[in-house]
Amino acid sequence: MKIKTDKIKKISKSSFTIYGMVIMAYVIMQILVSTGSLSSLMEGLLVPLCIYVILAVSLNLTVGILGELSLGHAGFMCVGAFTGAFFSVATVDLITIPLLRFGIAIILGALAAAVFGIILGIPVLRLRGDYLAIVTLAFGEIIKNFVNVIYIGTDKNGFHFSMKDAVALKLEEGGKVIINGAQGITGTPNDSTFTIGIILIIIILFVILNLVNSRAGRAIMAIRDNRIAAESIGINITKYKLMAFTISASMAGVAGVLYAHNLSTLTALPKNFGYNMSIMILVFVVLGGIGNVGGSIIAAVLLTLLPELLRGLNDYRMLIYAIVLIVMMIFNSSPKAIELREKYSLKRLFTKKTKGEDA
Amino acid sequence: GNTASETTDAAATTETTDAAADTATEATGATFKIGGIGPATGGAAVYGLAVKNGAQLAVDEINAAGGINGTQIEFNFQDDEHDAEKAVNAYNTLKDWNMQILMGTVTSTPCIAVAEETNKDQIFQLTPSGSAVPCVQYDNAFRVCFSDPNQGIASAQYIGENKIASKVAVIYDSSDVYSSGIYEKFAAEAANQGIEIVASEAFTADSKTDFTVQLQKAKDAGAELVFLPIYYTEASLILSQANTMGFAPKFFGCDGLDGILSVENFDTKLAEGVMLLTPFAADAQDDLTKNFVAAFQKAYGEVPNQFAADAYDAIYIIKAAIESGKVTADMSAQDICAALKTAMTTISVDGLTGAGMTWTADGEVNKAPKAVKIENGAYVAMQ
Amino acid sequence: MALLDVKNLGISFGGLRAVDSFHIEVEKGQLYGLIGPNGAGKTTVFNMLTGVYQPGDGKITLDGNDITGKRTIDINRAGIARTFQNIRLFKELTVMDNVKVGLHEHYKYSTIAGILRLPSYYKKEKEMNEKALELLKVFDLDKEKDFLASNLPYGKQRKLEIARALATNPKLLLLDEPAAGMNPNETKELMDTIRFVRDEFDMTILLIEHDMKLVAGICEKLTVLNFGQVLAEGNTAEVLKNPQVITAYLGE
Amino acid sequence: MSFISYLINGISLGSLYALIALGYTMVYGIAKMLNFAHGDIIMVGGFSIFIVSTTLGLPPLLGILAAVVICTALGMTIEKIAYKPLRKAASPLAVLITAIGVSYLLQNVALLIFGANTKLFTSVVTVPPVTMGEGQITISGETIATIVVSIIIMICLMLFIKKSKAGQAMLAVSEDKGAAELMGINVNATISLTFAIGSALAAIAGALLCSAYPTLTPYTGAMPGIKAFVAAVFGGIGSIPGAFIGGILLGVIENLSKAYISSQMADAIVFGVLILVLLVKPTGILGKKINEKV
Amino acid sequence: MAMLEIKDLEVHYGVIKAIKGISFEVNQGEVIALIGANGAGKTTILHTVTGLINGTAGKITFNDTDITKMPAHKIVSLGMAHVPEGRRVFSQLTVLQNLKMGAYTRKDKKEIEDTLQMVYKRFPRLEERKNQVAGTLSGGEQQMLAMGRALMSHPKIILMDEPSMGLSPIFVEEIFSIIRDISASGTTVLLVEQNAKKALSIANRAYVLETGKIALEGNADLLMNNESVKKAYLGE
Ligand SMILES: Nc1ncnc2c1ncn2[C@@H]1O[C@H](COP(=O)(O)OP(=O)(O)OP(=O)(O)O)[C@@H](O)[C@H]1O
Ligand SMILES: Nc1ncnc2c1ncn2[C@@H]1O[C@H](COP(=O)(O)OP(=O)(O)OP(=O)(O)O)[C@@H](O)[C@H]1O
Ligand SMILES: [Mg+2]
Ligand SMILES: [Mg+2]
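Protein chains in written order, with this note's numbering: chain Z, 1 to 359; chain S, 1 to 383; chain V, 1 to 252; chain H, 1 to 294; chain G, 1 to 236.
Simulated from the structure, these hints should not be mistaken for lab results. Wrong hints could be hidden among the right ones.
[Stated by the list, open to error] Heads up, simulated DSS-like pairs for lysine-lysine below, C-alpha to C-alpha not over 27 Å straight-line:
(1) H:Lys163 - G:Lys110
(2) S:Lys250 - Z:Lys164
(3) S:Lys250 - S:Lys367
(4) V:Lys28 - V:Lys241
[Said to hold, decoys possible] Rough simulated footprint, nothing fancy, chain Z against chain H, three-plus residues with beta-carbon under 8 Å:
(5) 87-99
(6) 267-281
Just so we're clear, the structure is a prediction, and the values are computed from it rather than from any experiment. Ideal Cβ positions, reconstructed from N, Cα and C, are used throughout, including at glycine.
Put together the whole structure using the sequences plus the hints.
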């Protein structure tokens with residue numbers, strides 16, 4: 001499936017708006033929290049919102065800027081989550097400054113995901129379109145499957161590793177199992193906070209927006225628009241594809257670390273790290289507008305909130321959610337609907353007769 | 001709906017009390033607000049919906065009989081899609097609803113995540129079916145079901161002590177916390193019981209339709225018994241595939257297998273001779289079970305499984321604890337929690353899933369696992 | 001010695017011998033035309049020169065370096081840039097950015113510098129903008145520099161492709177039917193531009209074209225390809241008078 | 001001996017993947033969209049048969065017929081309501097997202113109607129099993145039926161595309177809808193027909209899937225749907241025999257790796273092999289190499 | 001009575017008005033040329049006539065049938081063929097499959113075969129390459145294929161969008177003589193061309209388009225001698 005993009009140029013023009021939007025959201029939320037006017041649900045959702053925003057923005061780098069369809073983003077998130085959580089649990093007694101520990105965990109998670117991005121990227125970026133999509137999907141499933149059979153424990157002799165079961169670790173008295181196969185990691189310190197989430201979002205936005213408006217970013221977008229032409233003017237396709245893919249993967253890793261430190265238990269289930277999650281992230285990107293970073297942020301927030309806001313509907317919740325998703329998508333992307341919207345908004349702004357170049 | 005909503009942890013205690021007190025004076029009488037969490041959609045919905053229905057049945061019964069000490073119960077069940085993060089969201093939703101007591105969550109991973117929150121907020125939590133060890137690691141959390149290690153060890157002991165088989169194969173779900181948790185302890189205890197595990201074969205959530213390979217390996221390894229620490233949906237497939245292959249070992253399972261007879265359209269002949277350790281059998285002939293099954297069928301049109309029974313019991317356990325702990329509906333959730341914690345260790349409840357159930361302070365239940373065998377399409381107690 | 005020296009070049013697609021023992025020598029600064037009937041193999045020659053296709057046999061030398069069978073990007077770095085018969089612009093990039101991608105190899109700063117906006121970023125970007133604007137002016141595209149390339153009218157898209165190719169600072173510029181789809185006035189303008197580029201940038205240009213006005217108007221030498229083989233070569237005026245060329249290609 | 005039975009079991013699993021993949025590849029190759037709801041249409045087919053033959057007690061053949069009718073109508077309706085408005089959208093991914101929405105929708109409607117409880121499906125296959133090698137190896141009737149049916153469907157589809165006018169129209173539509181329209185091809189009708197055929201195949205796949213693995217829940221179709229998608233890509237996108245071969249191979253690899261390498265890691269191994277194959281043959285086993293003329 | 005009649009046509013792309021109220025007609029047996037600069041709206045008009053896009057105002061009738069809102073495939077089966085801009089051959093299909101696709105609306109196998117032979121006679125290269133995948137044809141070969149494919153439907157009227165683009169000089173001559181042939185055999189032709197001189201030389205009448213409006217119209221030979229046309233479109 002070839003990915004077309006609309007109005008990429010929006011990115012640079014609106015980067016200021018995007019930062020503004022994020023910071024404003026942060027300030028408003030902080031005020032609401034400190035005045036106690038935020039419901040527990042909303043307060044609990046602040047960190048997850050940051051996580052999904054990071055995922056959406058980072059996937060937009062692969063899908064929107066690089067123009068490749070990836071269905072394995074959750075796999076990178078999984079790598080980041082387990083790396084970060086493993087580190088934190090292993091060092092929870094060693095490093096007592098939570099912020100320091102968490103900082104290292106984030107860096108390690110990002111690095112691990114980046115390494116996987118490179119390992120997967122080098123051979124795989126030669127593939128195109130749907131074939132690339134299927135390979136990334138396969139990768140995500142492999143990671144999920146793999147994590148479910150890993151057992152790592154520690155005792156005074158150091159780390160023990162097994163792929164059979166926890167018993168096979170042969171831990172001495174007093175040792176502890178850190179990754180326990182399908183039972184995953186429990187007891188990850190609850191280090192993720194809204195503030196850290198927002199800071200990470202801003203860093204990631206900074207990297208992506210600046211990247212897009214630099215030499216490397218232009219090369220990446222050139223490859224997306226026309227690979228053969230890019231090659232003909234000396235752009236190293238592999239290098240830049242890999243760069244975009246790896247950066248995107250490492251950011252998913254960061255989201256994973258944030259995810260792991262938001263809940264006390266971490267298991268790799270189809271629900272959280274399977275292809276369904278990858279697709280969900282893709283939904284954010286597409287609904288927000290491919291290549292439109294601000295749009296992915298809004299879509300991620302809306303679609304994360306939606307099922308929670310629909311809780312009042314009880315049994316009909318997911319049904320309504322599905323319908324809303326379909327309707328939103330049609331409303332947002334169908335040429336007919338877009339036309340209608342344009343007309344409608346034109347009538348509203350009856351002073352302006354034509355809109356000119358922007359369309 | 002309730003308009004008052006508390007916020008930060010510090011402020012929560014007093015505000016909740018106020019809010020509860022307000023409604024108490026204004027309305028004809030306060031209610032106990034019990035929340036429930038579990039998967040109501042998604043692949044695990046079958047367990048969550050069973051719990052939801054079982055609990056609702058108990059709540060309705062109690063309310064119809066005049067409530068707990070005259071106070072009615074409000075029950076609010078939230079979907080978690082079998083996901084830790086959604087479970088925390090569900091929990092927060094319930095908190096916004098001013099939940100006082102949590103009956104949940106249904107599945108283990110979400111349960112562990114929510115236990116962290118209930119402990120932080122000091123809200124009493126009773127899980128009907130969260131069987132993983134860390135589900136009740138804090139002192140405010142208790143459970144109705146057995147723990148995974150408990151079941152794994154008990155199964156191995158039962159097989160060993162009754163000399164049911166010496167060569168055992170295990171088929172388990174390596175991507176599932178419950179299943180791999182039981183398997184792990186079973187394997188460890190099997191060694192002590194002189195049971196030889198001749199094949200331990202896994203499957204995952206992503207490939208759980210075809211079990212012929214696992215069965216073939218068990219067969220080739222000469223297993224006399226296949227241990228199935230899994231849920232009944234997959235087990236019913238395993239039984240029918242084993243039958244097709246002409247492989248007829250003994251099958252032994254845990255509480256997850258319960259419900260297999262009530263699978264709509266299931267050929268019960270396939271399950272003939274299957275043994276399971278379960279606290280509940282829908283065909284049991286005691287009045288409690290008979291009434292429950294009848295009422296459940298009337299209300300929801302299906303035979304209840306063990307999850308429904310656990311949830312039904314959970315509500316009655318909460319009732320017993322409230323009565324014993326002299327808890328009233330106008331108390332704050334935190335006060336209720338403190339009272340119930342102590343009350344739990346003193347009560348003894350006769351439920352569907354066990355007679356004379358008692359609890360230790362670490363949250364675990366004491367009840368005898370019943371070993372049952374399926375004979376002529378019905379559960380028959382074994383000894 | 002010739003800037004581009006091609007000997008005995010050939011390629012087959014399945015059973016089809018698309019190009020056979022093709023040869024050409026283009027001197028530095030020349031404006032050279034490659035013409036021939038449809039399907040004669042002209043674009044295929046370009047594709048072999050630029051590494052899009054691997055030549056079956058033969059040898060390609062650019063400025064003394066053997067570039068036969070090298071990768072496209074290496075050939076570009078060795079000094080050949082091209083335009084395409086079917087326009088291949090970076091449609092979602094602005095006109096300016098299209099040219100700046102062409103400048104990629106010549107104004108380098110690290111990706112890190114780009115992300116962190118180090119001084120080198122600002123310095124090089126400024127230089128790039130200046131250079132790109134200079135190029136756009138040559139093609140009269142400076143007013144449209146912020147348009148998305150896909151929003152340009154056809155004729156300007158062709159020009160932009162040339163500007164982008166020039167940005168890579170090549171020794172040899174290959175143009176594949178630059179005037180296709182242009183009306184006579186636009187073609188005239190294009191001829192002026194091509195001449196200007198040759199003179200101003202001291203460029204060597206090899207072009208494919210079916211518009212005889214353009215070919216006769218600006219090419220100094222011609223090679224005529226027919227069924228993959230060289231039918232005639234030499235000075236434009238002579239070649240165009242060649243009876244074989246007239247029957248095979250020009251018609252009368 | 002056990003190797004042969006692993007192999008046979010792999011083939012029987014694979015033949016189901018193949019059968020589903022045929023429907024998948026049909027829609028995928030022609031309408032150029034990943035119909036993530038395909039697996040859920042299979043589920044609808046399963047439930048249709050369950051109601052007709054188990055609940056109402058009518059003969060299974062009638063159940064299959066009902067399923068085909070219901071699924072075909074459903075497929076065409078979905079296409080009309082959810083996919084068609086997005087056919088000309090700026091990004092082809094837009095319709096992928098509505099497909100996901102449709103998938104959720106079907107699952108949740110089924111959940112509301114039928115509940116989450118597992119239903120045991122009575123096989124609609126009456127073919128007797130075949131026993132070989134002194135009773136060591138049994139090939140179930142379902143397996144035989146599935147293989148035969150998928151081969152028949154594969155051949156019919158290939159002939160249909162190659163020989164029939166509508167099939168040719170599909171080829172044209174898959175490449176360039178505008179140009180196809182200019183040939184006088186009714187693009188909407190063609191795509192609608194594609195979905196009709198794809199959904200009818202899903203109904204048949206539902207019948208055989210549920211017969212072979214007789215549990216039925218609202219989520220029954222989801223995982224086989226994805227596996228079939230993988231099989232379709234494995235075999236080469238849009239290639240009908242490719243879908244068949246991809247499906248069979250996927251099943252065989254899955255079962256052999258469960259048997260000889262690790263049952264825990266079987267998923268990872270299957271996907272690993274897929275990645276390796278695509279690295280060697282970037283367009284799948286039978287996929288055409290698409291050469292772009294420069 | 002005109003065969004094809006366009007009245008007050010307006011076409012929008014989103015909010016941009018590309019065609020701003022155009023009326024013209026094509027009579028049975030005529031060759032009508034539509035000339036104009038890049039972006040004048042020639043392609044847009046052809047697309048609207050064949051129904052690939054819908055106009056926002058105006059009326060189009062073809063042989064007394066109102067085709068304004070008719071979908072393209074129906075219009076095509078009324079006997080209209082369109083050689084689209086950019087050729088749009090089915091690049092994964094072979095040359096022969098492409099040609100067969102052109103005859104989609106026709107039933108009679110024998111007649112189709114005859115037309116195929118006629119097309120092969122006009123474009124021998126297509127017969128040589130009948131089993132080649134169309135995407136790998138050279139630019140000019142693809143143009144021939146697009147033309148041949150349109151002829152396969154045996155149309156009453158054929159709309160051509162820059163048929164001479166990318167063709168060698170000898171073949172440009174050839175194409176125009178083919179157009180003359182087509183016209184002589186009774187098919188009406190609506191021709192869009194950059195090569196205005198050639199187009200006017202074979203056309204009966206012509207319309208000159210400027211940014212979505214008709215600026216000039218009249219007999220082809222008159223226009224050929226019109227000073228402003230000469231300057232703007234003939235490059236003299
Ligand atoms: N990848 C390919 N596979 C098969 N045949 C090809 C391929 N590329 C080109 N050809 C054939 O090789 C011949 C030469 O094609 P080429 O594109 O070089 O022609 P050209 O001289 O540029 O013609 P035009 O002037 O029409 O563009 C043509 O007959 C074409 O069909
Ligand atoms: N899909 C589209 N979306 C938006 N604007 C378009 C679209 N297609 C054409 N236009 C605009 O409509 C106007 C008319 O375009 P059209 O393609 O009809 O011109 P043309 O006369 O055929 O030009 P050319 O000689 O370049 O083929 C132009 O300004 C063009 O930019
Ligand atoms: Mg060419
Ligand atoms: Mg045009």
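Pair hint outcome, H:Lys163 versus G:Lys110 [Cα-Cα no greater than 27 Å]: With Cα atoms ~17 Å apart, H:Lys163 and G:Lys110 stay inside 27 Å; holds.
Holds or violated: S:Lys250 to Z:Lys164, with C-alpha atoms at most 27 Å apart: Holds, at roughly 25 Å.
Given hint S:Lys367 paired with S:Lys250 - CA-CA distance at most 27 Å: Holds - the C-alpha atoms of S:Lys367 and S:Lys250 are around 25 Å apart, at most 27 Å.
Coverage of the stretch 267-281 of chain H by chain Z (three or more Cβ within 8 Å): holds (count 8)
Cβ contact check, 8 Å cutoff: the stretch 87-99 of chain H against chain Z, three residues minimum: holds (count 10)
Distance restraint between V:Lys28 and V:Lys241, which requires alpha-carbon spacing of 27 Å or less: Given that 27 Å is the threshold and the Cα spacing comes to 25 Å, the pair holds.
Every hint, counting from the list given before, is met by this structure.
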